[in-house]
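Work the whole structure out from these sequences, hints included.
For the record, the sequence lines run as chains G and H.
According to my numbering, the first sequence is numbered sequentially starting from 31.
According to my numbering, the second sequence is numbered sequentially starting from 31.
Not one of these hints is a red herring.
Since the list gives no way to pick out one identical chain from another, each pair is judged satisfied if it fits inside one copy or across any two copies.
Straight-line alpha carbon distances no greater than 35 Å define the calculated DSBU-like cross-link-like pairs of lysine-lysine that follow: (1) Lys241 x Lys142; (2) Lys142 x Lys240; (3) Lys342 x Lys148; (4) Lys143 x Lys241; (5) Lys41 x Lys376; (6) Lys143 x Lys240; (7) Lys179 x Lys202; (8) Lys303 x Lys240; (9) Lys376 x Lys342.
I should point out that these hints are in silico values taken from the structure, not numbers from a laboratory.
There are 2 protein chains.
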Amino acid sequence: MTNINSTSDIKCIILQQTFTGKRELKVTTTPKPSAPADGEVLIAVKACGINFNDVLGRYGLLEDMPRPPFIPGFECSGEVLDIGTNVTHVDRGDRVVVLTRYSAWAEQIIVKKDLVFKIPKEMSFREAAVLPVAYLTAYILLFEIGNIKPGQTILFHSAGGGVGVALTQLLKLVPNLTIIATASSHKFDALRAHIHYLFEHDIDYIGDVKKIAPEGVDLVLDCMAGDDCERGLALLKFNGKYIMYGTSSLLSWDVKNLFGITKGMSNWWQNDKISCLRLFQDSKSIHGFNLLQLLSRGSNETRRYLADIVHKVFILYKEGKIKPVVDSVFTFEEVNNALGKLIDRKNIGKVVIEPFLNVKSEKVKKPKTSTSNDAHSSSTSGPDDDDNEEKESDDVQQNTTSKS
Amino acid sequence: MTNINSTSDIKCIILQQTFTGKRELKVTTTPKPSAPADGEVLIAVKACGINFNDVLGRYGLLEDMPRPPFIPGFECSGEVLDIGTNVTHVDRGDRVVVLTRYSAWAEQIIVKKDLVFKIPKEMSFREAAVLPVAYLTAYILLFEIGNIKPGQTILFHSAGGGVGVALTQLLKLVPNLTIIATASSHKFDALRAHIHYLFEHDIDYIGDVKKIAPEGVDLVLDCMAGDDCERGLALLKFNGKYIMYGTSSLLSWDVKNLFGITKGMSNWWQNDKISCLRLFQDSKSIHGFNLLQLLSRGSNETRRYLADIVHKVFILYKEGKIKPVVDSVFTFEEVNNALGKLIDRKNIGKVVIEPFLNVKSEKVKKPKTSTSNDAHSSSTSGPDDDDNEEKESDDVQQNTTSKS
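Laid out in structure tokens, this is it:
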């Protein structure tokens with residue numbers, strides 16, 4: 031059932047830097063990992079999730095990155111091949127998901143046991159691969175930091191992205207919200223059923239949002255940074271919360287012009303500072319949430335915190351309240367195409383890469399933002415969406431959007 | 031039962047500016063208010079609370095202040111003398127407490143009905159007069175913004191002040207906390223029973239707090255601003271919250287040197303700005319909470335929000351879980367002495383001023399931070415503290431600390 035080669039090498043993706051300083055992603059081989067040591071788990075990877083941080087990392091725009099060459103990737107699913115001593119919560123053959131700080135994009139990986147989780151039997155490897163980053167982030171934003179309450183008004187961006195879709199599903203757990211979001215206009219039809227007000231991100235939405243919520247918005251979730259920080263703060267109600275959880279607007283369209291990007295980022299960095307006293311005078315708040323930073327801490331408390339939330343998310347999955355949405359699946363060799371989907375903002379839900387595209391094992395469903403047992407789902411999804419099971423099928427959507 | 035004069039004038043305190051530009055508080059008379067209009071309530075004031083914002087206002091250090099001369103004061107208690115049309119929740123003769131944006135320090139006041147609340151029958155006028163600002167602030171900080179949870183670690187300042195005492199009482203509602211606070215060392219004995227770690231504010235407490243909470247603190251409540259903003263942020267755990275709810279450190283010891291104060295404030299204002307990206311990278315948050323700003327909004331939603339919390343606080347009072355602590359009582363004529371107690375940080379709990387010191391009606395109890403039915407209270411309070419009733423007594427502590 032696993033894709034382990036009989037040779038001593040395994041396939042992986044590395045981020046390398048050429049002699050001219052250009053960063054690039056490349057499929058290569060690396061020696062098969064040795065046996066897992068104390069507290070470690072060896073996993074045969076089935077599917078990996080792509081995140082916007084992978085795009086930022088591709089261009090060197092993340093803090094505290096390893097020096098190239100290294101294996102990127104923050105989340106993957108697979109089967110446990112072997113366990114080290116003092117590993118009791120998973121065993122050989124278990125289907126698991128992994129959250130890791132880099133190193134996920136390989137055919138086999140060795141990881142510390144703490145962020146390896148057995149997945150529910152109903153969950154496909156692809157669903158599992160795209161779950162951790164998006165749903166941990168969305169859950170923490172809404173329920174740990176945002177403390178969202180019935181009747182409140184929320185604004186968030188990139189409603190069609192991985193975190194956006196997870197937010198949309200989780201928001202249905204809270205009654206009587208007013209939900210406002212931005213997204214690319216070509217995604218509006220797919221998103222409209224579950225979001226009350228949709229705006230294009232590139233327009234200045236402040237006036238429109240003020241009409242909808244004259245007293246202001248209770249919670250703004252911003253994955254863009256830049257101009258949206260100032261806009262978000264301007265729209266907050268008293269005791270309102272602005273949470274920055276990403277910086278994707280720093281990646282401009284001339285994404286390959288590294289100099290241009292760095293310059294833009296640096297300007298924003300220096301200028302967009304907030305006065306504590308202004309927050310005090312206005313009774314507003316600014317939060318930052320950075321999952322990668324939490325992963326890098328590696329303290330017991332951090333790992334317990336994240337593990338606790340993964341289990342809460344699994345319960346919601348088993349109750350049918352959430353369902354990860356896979357937009358498209360690519361092979362490792364197509365990784366640049368996979369990243370291109372995120373750069374072009376063409377995805378609804380998450381993009382997957384697999385070391386060996388498993389055409390016989392899983393089917394990619396049409397994107398939808400709702401869970402399949404939701405009464406509204408028909409309005410955003412195709413006729414095959416009631417098919418809740420991941421069946422054997424050749425229907426793999428090998429998206430050929432190429433921008434890399 | 032009320033203190034209404036038979037003449038057409040009433041006593042009040044005004045903040046006025048002399049020809050030389052000096053601001054001063056002065057007791058004077060003003061015409062008796064006319065009958066309350068639609069939605070208004072006329073109140074015979076029994077007792078007024080003093081807040082640090084009154085000190086800041088005295089020196090012109092608050093935003094959006096009225097131009098002198100005006101009547102200061104944010105909270106008072108009294109008896110309803112008359113009601114306008116469309117006032118149904120209070121009636122003539124009711125014992126009430128009032129939250130107002132200025133104008134509380136007068137023998138009679140007319141206020142809008144929304145922030146007038148009938149007080150529990152067990153609550154004395156003095157307890158009522160010092161309740162709104164301190165307990166609304168403390169409740170919102172802990173439960174609305176801070177979202178404090180069992181097992182967390184909290185740091186706050188001015189533990190002996192009005193809000194500090196309210197925080198200490200409310201924190202007992204949450205199990206298993208680690209409570210760290212700063213206060214003047216002469217108050218340590220009175221505070222020690224309910225605060226696990228006490229530090230002097232003027233020392234650099236960062237190293238000590240890091241020893242107590244190596245992973246950092248979940249919640250920092252800062253009424254000082256200035257250096258404590260940076261310290262508070264440095265001490266936060268991931269997803270930790272720093273809340274600025276006051277700026278008392280901006281009032282330096284040379285408080286009468288208005289030029290010096292303004293200069294110091296302006297410097298801090300310009301320099302202590304926070305990068306959104308730094309918050310994002312560190313997964314931390316900064317909140318501001320400013321009760322005065324909420325009062326100035328005057329929207330229906332704001333008033334409903336505050337009224338809802340006042341009722342929650344009253345329930346806690348009736349359950350014996352909180353009890354406002356009156357440090358000392360002064361007459362209107364002694365208002366500068368009353369403010370001096372706060373400037374010198376000599377109070378534990380709140381300071382009261384009364385238009386006519388009601389020596390026969392109430393007794394000031396020895397300061398304590400715990401509720402009287404608390405098992406630990408004996409360690410911070412005197413032998414008469416089991417006396418939960420406000421009895422008729424001449425035992426009024428007319429503190430003569432004079433610094434104004």
